[in-house]
Amino acid sequence: DAKTTQPTSMDCAEGRAANLPCNHSTISGNEYVYWYRQIHSQGPQYIIHGLKNNETNEMASLIITEDRKSSTLILPHATLRDTAVYYCIVRGGGATNKLIFGTGTLLAVQP
Amino acid sequence: EAQVTQNPRYLITVTGKKLTVTCSQNMNHEYMSWYRQDPGLGLRQIYYSMNVEVTDKGDVPEGYKVSRKEKRNFPLILESPSPNQTSLYFCASSLRQGFKEQYFGPGTRLTVT
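In the order they appear, the protein sequences are chains A and B.
To convert, note that position 72 of the first sequence is 72 in my numbering; the numbers rise steadily by one, no gaps.
To convert, note that position 62 of the second sequence is 62 in my numbering; the numbers rise steadily by one, no gaps.
Among the hints, a few may not be true.
Unchecked claim - In silico SDA-like cross-links for lysine to any residue, where the CA-CA straight-line distance does not exceed 20 Å:
| id | chain 1 | residue 1 | chain 2 | residue 2 |
| --- | --- | --- | --- | --- |
| 1 | B | Lys57 | A | Ile100 |
| 2 | A | Lys98 | B | Gly40 |
| 3 | B | Lys18 | B | Thr111 |
Think of the hints as simulated: they come from the structure by calculation, not from any bench.
Given the structure is predicted, the values throughout are model-derived calculations rather than measurements.
Let the hints inform the model, and build the full structure from the sequences given.
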């Protein structure tokens, strides 16, 4: 599974869009990009995933660059409850379900 | 409500006293797994199960046992707990192996003295 690099922490004003970057320059063709988040010692929560195309669901949007070497998770209108550690994970589609969590990005939404 | 439950949520025990942490899901998921989370090490997979009576080791299985006699339950057993098993434990499930979305339980904070 490809390694990912994320900033250690970010701040965002409440109501503004939060853009969380992830670098995965060694991603291979069949590997998906997943985003999970963990709110203070709670169980990680699935947010979104994608392979090549941009994806959107009720929680967030995922923008993947054309060369797939990086991606951005967008929370369109951040709230205080979005304060959490956000993990970007890259994993092959045919692999086991094991998720390898790195250190993630601590997003602090400020009032 | 679709969920993964774990019990107990908090446990303080002593070295060598056998304990079981239960995990149950109500989504008819085939795949279940256990992770432990430690500061600076992230979440690491302990064991996983692809279906009833099918289990396999993850990255850090030493000192743990699991069983999968029913689809909904996947208990984690520590036969002889030691202080280095003090950790935050999470159970997770997904519809089947290879399915993208995993659901995590609320966690069990275990302290072994």
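Hint by hint, here is what the structure shows:
1. Simply put, B:Lys57 and A:Ile100 have alpha-carbon atoms about 15 Å apart, close enough for the 20 Å limit, and the pair holds.
2. For the hint pairing A:Lys98 with B:Gly40, the CA-to-CA distance comes to about 19 Å; that is within 20 Å, so the pair holds.
3. Between the alpha carbons of B:Lys18 and B:Thr111 the distance comes to roughly 13 Å, so the proposed pair stays at or under 20 Å and holds.
In summary, this structure violates none of the numbered hints.
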